[in-house]
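Residue numbers for the sequence shown follow our numbering, beginning at 7 and rising by one.
Note that these hints are calculated values from the structure, not bench results.
Please note that a few of the clues may not be correct.
[What the hints assert, rightly or not] Computed beta-carbon distance windows for the label pairs:
no., residue 1, residue 2, range
1, 25, 65, 18 to 28 Å
2, 375, 44, 14 to 24 Å
3, 168, 385, 22 to 32 Å
4, 156, 213, 30 to 40 Å
5, 283, 113, 37 to 47 Å
Glycine included, every Cβ here is placed at the ideal spot set by N, Cα and C.
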Amino acid sequence: MTAVITGAGAVSAFGVGMRALLDGLGAGGSAVSRIRSFDASSFPVHVAGEVPVPRVDPAWLAGAVGDHALVSELGASGALRDRKIAWGLVAAAEAWRSAGCDAHDRDASLVLGLGLEQAFLEDFGPIYERHRVAWDREANAPGVRFRSPVDLTARAVHGLLGLRGPTVVNASACAAGTLAVAHAASLIERGAADIVVCGAADSMVNPLGLGGMCRLGAPSPRDELDACRPFDRRRDGLVIGEGAAVFVVEAAPRAAARGARVLATILGWASTQDGFRATAPRPDGAAARAAMAGAIARSGRSPEDIDYINAHGTGTPLNDPAECKAIHGAFGAHAERVAVSSIKGAVGHLMAASGAIEIAASLLAFERDLLPGTAHHGERDPECNVDVIGPAPRRARVGALLSNSFGFGGQNASIVLGRPA
Numbered sequence: 007m008t009a010v011i012t013g014a015g016a017v018s019a020f021g022v023g024m025r026a027l028l029d030g031l032g033a034g035g036s037a038v039s040r041i042r043s044f045d046a047s048s049f050p051v052h053v054a055g056e057v058p059v060p061r062v063d064p065a066w067l068a069g070a071v072g073d074h075a076l077v078s079e080l081g082a083s084g085a086l087r088d089r090k091i092a093w094g095l096v097a098a099a100e101a102w103r104s105a106g107c108d109a110h111d112r113d114a115s116l117v118l119g120l121g122l123e124q125a126f127l128e129d130f131g132p133i134y135e136r137h138r139v140a141w142d143r144e145a146n147a148p149g150v151r152f153r154s155p156v157d158l159t160a161r162a163v164h165g166l167l168g169l170r171g172p173t174v175v176n177a178s179a180c181a182a183g184t185l186a187v188a189h190a191a192s193l194i195e196r197g198a199a200d201i202v203v204c205g206a207a208d209s210m211v212n213p214l215g216l217g218g219m220c221r222l223g224a225p226s227p228r229d230e231l232d233a234c235r236p237f238d239r240r241r242d243g244l245v246i247g248e249g250a251a252v253f254v255v256e257a258a259p260r261a262a263a264r265g266a267r268v269l270a271t272i273l274g275w276a277s278t279q280d281g282f283r284a285t286a287p288r289p290d291g292a293a294a295r296a297a298m299a300g301a302i303a304r305s306g307r308s309p310e311d312i313d314y315i316n317a318h319g320t321g322t323p324l325n326d327p328a329e330c331k332a333i334h335g336a337f338g339a340h341a342e343r344v345a346v347s348s349i350k351g352a353v354g355h356l357m358a359a360s361g362a363i364e365i366a367a368s369l370l371a372f373e374r375d376l377l378p379g380t381a382h383h384g385e386r387d388p389e390c391n392v393d394v395i396g397p398a399p400r401r402a403r404v405g406a407l408l409s410n411s412f413g414f415g416g417q418n419a420s421i422v423l424g425r426p427a
């Protein structure tokens, strides 16, 4: 059974909503800014792809998602300290509305990719240290139980939409969002579901997230708004980001029967594992190549049928050349002709949500015949010998595209999307 995307919602550094994302990318802009949501003065870097909502106000969130009771409960529990819960709710609400879903669609399954809950990480240690003797009693207190589970964002989305289908959460690092959409398509392909809400939400824009990434040496040390420069000779690191993208994926006959607008067809997907290092890709790109080749093979297309690659493109010294080697391995001679870009210079690296936001960004190709540019890209690195789109978007009519997500720990995922009929 063919799976199609009929609804999409997004929250990114460009703002709230798919329109903000597509308009921002379509204009060739960058939304990286100085961090405002917390005091980052003691950190080595102070820029991020931060959603332009410095504080998650419960009244604003309740209005955005249309559920005052749920937001009140989340606020009372302290869960809204974790910004990705808000972004996941807002993106899910937009996806549900844009797909034209209603109470008749609540048998939908839910598949989300997530990072660890910030509230969980903040609360678990102090609670344990303060209450070792009374651990069972304290851990079972209502507020702690509600804000601690790693799947809290999924629970909140499930409650918001009133879904009755099963829920699956994966924590596959930077591949999580792409794998969530692939899982949804797989459920539909084998007849296990006919409608699935899927996507990812994450935020590293907090002291724990930024501090951890700085300890790894992953962010660019230049601390400028143009710090992330994918495939550029001067690239020296990533910029962290936050946000969410959520989709409604349906069996094609179901979507046709209810007259739903199709945004894209999910043609193929594949996942591999580097088996190399936790914080570095395989230099030869072999596993990433296998993910791309597997997704293309499953789609029933040939490499020559792919018109655009939305690259993982982190802007780090090791990732970009490894991905380009993988592209050459998977595409052969076509590797020098297929257009390639990365949106991470524009919105930052959304970690678990990076694949989801990049799938959302790729819809620009089908909706407006525009390929997103690569913000801040100036001089191509000779090791990145592919057709990199510069900062300005490129006008092109795309029949099929491929999106890559290559995560920490070597988790790789690629997905092929087709233009709706």
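Hint by hint, here is what the structure shows:
Between residue 25 and residue 65 the C-beta distance comes to about 23 Å, which sits within the given range of 18 to 28 Å. For residue 375 and residue 44, the hinted distance range of 14 to 24 Å is not satisfied, since their beta carbons lie about 40 Å from each other. Between residue 168 and residue 385 the Cβ separation comes to about 52 Å, which falls outside the hinted range of 22 to 32 Å. Range check, residue 156 to residue 213: Cβ separation about 19 Å, and the 30 to 40 Å hint is violated.
Range check, residue 283 to residue 113: Cβ separation about 42 Å, and the 37 to 47 Å hint holds.
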